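A.B. asks: Protein chains in written order, with this note's numbering: chain E, 1 to 476; chain B, 477 to 571; chain F, 572 to 1054.
Think of the hints as simulated: they come from the structure by calculation, not from any bench.
Since the structure is predicted, the reported quantities are computational estimates derived from the model, not experimental observations.
The reader is advised that the hints may include incorrect statements.
Here's a subset of chain B near chain F, in silico, CB distances under 10 angstroms, partners left out [what the hints assert, rightly or not]:
(1) 479
(2) 509
(3) 510
(4) 520
(5) 522
(6) 536
(7) 556
(8) 561
(9) 562
(10) 566
(11) 567
Ideal Cβ placement from N, Cα and C applies to all residues, glycine included.
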Amino acid sequence: MQWEVVIGLETHVQLQTHSKIFSGASTAFGAAPNTQACVVSIALPGVLPVLNREAVRCAIKFGLAIDAEIAPRSVFARKNYFYPDLPKGYQISQYELPVVGKGRLAIQVGDQEKIINITRAHLEEDAGKSVHEDFHGMSGIDLNRAGTPLLEIVSEPDMRSAAEAVAYAKKLHELVQWIGICDGNMQEGSFRCDVNVSVRRAGSDKLGTRREIKNLNSFRFMQQAIEYETRWQIETLEDGGEIHQATVLFDPDSGETRAMRSKEEANDYRYFPDPDLLPLAISADDIAEVKAALPELPEVMKARFEREYGLSAYDAATITASRAMADYFVATAAKFSGEAKLVANWVMGSVAAKLNEEGRAIADSPVTSAQLAALLTRIHDGTISGKIAKDVFAAMWAGEGEADAIIDRQGLRQVSDAGAIEKIVDEVLAANAVMVAEYKSGKEKAFNGLVGQCMKASKGKANPAQVNEILRKKLG
Amino acid sequence: MSLNLSDVKRIAHLARVQIDDADAEIALRQLSGILGLIEEMQSVNTDGIAPMSHSQDVTQRLRDDVVTETDQRALFQSVAPAVEGGLYLVPKVIE
Amino acid sequence: MINKSLKELAALLAAKQISSVELTREFLARIARLNPTINAFVTLDEERTLAQARAADERIAKGEAAPLTGIPIAQKDIFAAHGWRTTCGSRMLENFIAPYDAHIVQEFDRAGAVNLGRTNMDEFAMGSSNETSHYGKVRNPWDVERVPGGSSGGSAAAVAARMCPAATGTDTGGSIRQPASLCGLSGLKPTYGVCSRYGLVAFASSLDQAGPMAKSAEDLALMMNVMAGFDPRDSTSLPREKEDYARDLGKSLAGLRIGLPREYFAEGLDSGVAQVVQNAIAEYRKLGAQIVEISLPNNKLSIPVYYVLAPAEASSNLARFDGVRYGYRAPEYADLNDMYCKTRAQGFGAEVKRRIMIGTYVLSAGYYDAYYLKAQKIRRLIAQDFVEAFKHCDVIMGPTAPGTAFKFGEKTADPVQMYLEDLYTIAVNLAGLPGMSIPAGFAGNLPVGLQIIGNYFDEAKMLNIGHALQQQTDWHLRLPEGV
Chain E
1 MQWEVVIGLE
11 THVQLQTHSK
21 IFSGASTAFG
31 AAPNTQACVV
41 SIALPGVLPV
51 LNREAVRCAI
61 KFGLAIDAEI
71 APRSVFARKN
81 YFYPDLPKGY
91 QISQYELPVV
101 GKGRLAIQVG
111 DQEKIINITR
121 AHLEEDAGKS
131 VHEDFHGMSG
141 IDLNRAGTPL
151 LEIVSEPDMR
161 SAAEAVAYAK
171 KLHELVQWIG
181 ICDGNMQEGS
191 FRCDVNVSVR
201 RAGSDKLGTR
211 REIKNLNSFR
221 FMQQAIEYET
231 RWQIETLEDG
241 GEIHQATVLF
251 DPDSGETRAM
261 RSKEEANDYR
271 YFPDPDLLPL
281 AISADDIAEV
291 KAALPELPEV
301 MKARFEREYG
311 LSAYDAATIT
321 ASRAMADYFV
331 ATAAKFSGEA
341 KLVANWVMGS
351 VAAKLNEEGR
361 AIADSPVTSA
371 QLAALLTRIH
381 DGTISGKIAK
391 DVFAAMWAGE
401 GEADAIIDRQ
411 GLRQVSDAGA
421 IEKIVDEVLA
431 ANAVMVAEYK
441 SGKEKAFNGL
451 VGQCMKASKG
461 KANPAQVNEI
471 LRKKLG
Chain B
477 MSLNLSDVKR
487 IAHLARVQID
497 DADAEIALRQ
507 LSGILGLIEE
517 MQSVNTDGIA
527 PMSHSQDVTQ
537 RLRDDVVTET
547 DQRALFQSVA
557 PAVEGGLYLV
567 PKVIE
Chain F
572 MINKSLKELA
582 ALLAAKQISS
592 VELTREFLAR
602 IARLNPTINA
612 FVTLDEERTL
622 AQARAADERI
632 AKGEAAPLTG
642 IPIAQKDIFA
652 AHGWRTTCGS
662 RMLENFIAPY
672 DAHIVQEFDR
682 AGAVNLGRTN
692 MDEFAMGSSN
702 ETSHYGKVRN
712 PWDVERVPGG
722 SSGGSAAAVA
732 ARMCPAATGT
742 DTGGSIRQPA
752 SLCGLSGLKP
762 TYGVCSRYGL
772 VAFASSLDQA
782 GPMAKSAEDL
792 ALMMNVMAGF
802 DPRDSTSLPR
812 EKEDYARDLG
822 KSLAGLRIGL
832 PREYFAEGLD
842 SGVAQVVQNA
852 IAEYRKLGAQ
862 IVEISLPNNK
872 LSIPVYYVLA
882 PAEASSNLAR
892 FDGVRYGYRA
902 PEYADLNDMY
912 CKTRAQGFGA
922 EVKRRIMIGT
932 YVLSAGYYDA
942 YYLKAQKIRR
952 LIAQDFVEAF
962 KHCDVIMGPT
972 APGTAFKFGE
982 KTADPVQMYL
992 EDLYTIAVNL
1002 AGLPGMSIPA
1012 GFAGNLPVGL
1022 QIIGNYFDEA
1032 KMLNIGHALQ
1042 QQTDWHLRLP
1052 EGV
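Could you build all of it, start to finish, from the sequences and the hints given here?
C.D. replies: And the structure:
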């Protein structure tokens, strides 16, 4: 029996504002408990919310970035429930009229592009935190985070695998940083995903009962959690069981999901428009103002890279997967007079591999864009081969200096002197009579073997094109 | 729409107000009386009428994104029922 | 001294014929004598009060006095005042010392007024008789066996017994106007958004509005000059220029069109009250006003609409009282949920719990459209009635309450009977209009209030209309026996 998994995400993005969404308390992370909990954060009797302009600008930016309609009028509502980290007994959120309407995000899975539809995005306030260390059997409540602005982004159930879900989450994670509305710090909880997972028989168009995996704060855990949950649901159904709607937590230690006890009873949130806040109006002028300050969006940049740099769609998508990588590429290409394709290959190849290996951000790359451009220039002008360049790059990464200095110091300059190469070729031909004979009997592969011997004899420094040319000539 | 005893208990639970059976009976009677008063609304035709949340037709004013609040934890926690290490203490929260 | 207007008191202070400390002590002495019977004040703090009086005297000495500098004002126990116990009439806040100031409290401090003490009120402003206070019932100075009205009953009784020259109140469905009517004083509920709600412990946010309670319309105007004004901390505060609410006092009423809503003089109105109101209207006719009959056809729906919207908002506003960060916490509980349920069951009184439950019910899944949404739609119809009415008149007049002060316990058995007390006042809150009650005479030795409803932002005009009657009559200066 074939099963299909259906996945939708609700992502909570903490907006990069100085102050909270409805008060002037700081949003800085890591302060001592409750030192950033002002009268509004602790919900003293009589206090009132006033909306932060910057939070609204962030929402508009996001709406523009996903090509969504930005509501000219949206409404804040109260979501009522009791929880100790929710000081008012309700969360101010948006319900019927969210600030951002339907939009879309293109993701890349393997070399396939897929559009994920976004249902809506709305502004709301974050809750505080429960600290579970044992205070004589009690929990401690820290309200520093209470009131931090969030944008909750809700996708359609458009994803069909853990890989697609992770690709979507990564793309979204990059986008919110790209447009400068979120610092993307998942450890600190700046970007948190709730994943709705259901399974159904392949070919069915009816959705199965979903379970919601709460608060995933790493892409690796998300992948594991979805895979576990999918397997569990399929097994349950195949064993004749039923799936019940539930909220579950992922335990990274066991690799399993389990239902949350606090969410066992059905919630009745009693949403209604918050009478302390008036409708949020966003004019065409407000949108135009934000748009003017918005950086070039990834999709636009991707198209431009294909056009201006002659990159393939895949390369352009990979390079624009992060703004920092795109910036690095552009800076390198600007200082390099050869083909941009070479720059793209290096950025996506050696640079990305090293960064990945060391878990570094591209902004912290030990090889700067200018240094990389200098190295690539030496490939372009024939000073070194691409192969030697890899060794030079490794030395540069290790902090051994600039490309030219390393090339000179290690004597890696390519040999392009015809006489010198001819001498090497002669020696190789003399020493490899068997291969020469094979070549002459029609085995083309033997030619490559001879080229390899020549390169080896030159310690990789001989200009490969010249070696080829001279070898052909000599072999007649 | 008539109310029964289990409705009263469900509402009391949603509102986190402890209620015993005797009080629930009284509440049922009184709440039913109030609902009877409210029921008069149902006879009014409100087709095409926009709901009114605020008396003035104005929109939300926005605040500049500036930190204006300072740490007043000691003052605020001086009226708290139970605190330790700057945290408000509550019976154990189970997730 | 005790019957002097705010203007007269200010003049005495300016002329140094009396000091603020002396004036304050006189009122404190009256409170010491009368409060044990009336129970209008729940918290007094002589030391703080007198320190403010001394500061006011210094300010007066430096010639920097504002109109209310040095005048003692009583504050309804619903406004947070830094360092003052702020109970809102509830056990829930029995030991709550507010760590911040309400906007209005700040404004009185800035004006140099003296905070005389905190007045009793129905718990969380839910009630029309002051019988729901955790701190005991307030007695009506005109008849101590009767209620003073509510929810601002403590403020009303304090002014009526001349324990203070003026006081603050709040009005969600009539909580300033009805007690003003029952205690024979003047009270104004301004246009929604004119006085900041910051620091006013919320009952029903879309209806709550602070306002002054005093002997005369002129005093109300001086109080409004302090209380009203834009506050950026309240999103519903209206950004308007500061205005002088006394600016129209003394203007002629010739040509004023007074609308009398047919529905306000129908079944349910006490005949004695009706007579007093008609007499007052006759006075206005003499002052050159014209009388126009108008209709507010949806007025009768204001009670059902109010008893959906106000409890709904209250159920949410009062969710913060959970025993976690401040206020009462039950002494014993099994777990978190039990702590919530016991804390709220013990900390809230019966009427508050009733309203929380009604509000929770009307918002709950499956009922929202039939109740809350429906009520919001009818709210618009009620507001439109006024828009239509004001095409034909400048102000609307009628009774403030259907009867005079009633006896304790008379309406407590049936909440619905109590709710009908607000038949003429609630629609004004739903529409967000300004409403005022002024003393218009007596029915059976008990005061009767005349309600004056104005169009949005017409407070100054309404105050002059009240003032004009008070130039012709002395109802507002009558004192209860024993006071």
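A.B. asks: Which hints from the list above does the structure break, by number from lowest to highest?
C.D. replies: Hints 8 and 9 are the ones this structure does not satisfy, whereas the remaining hints hold.
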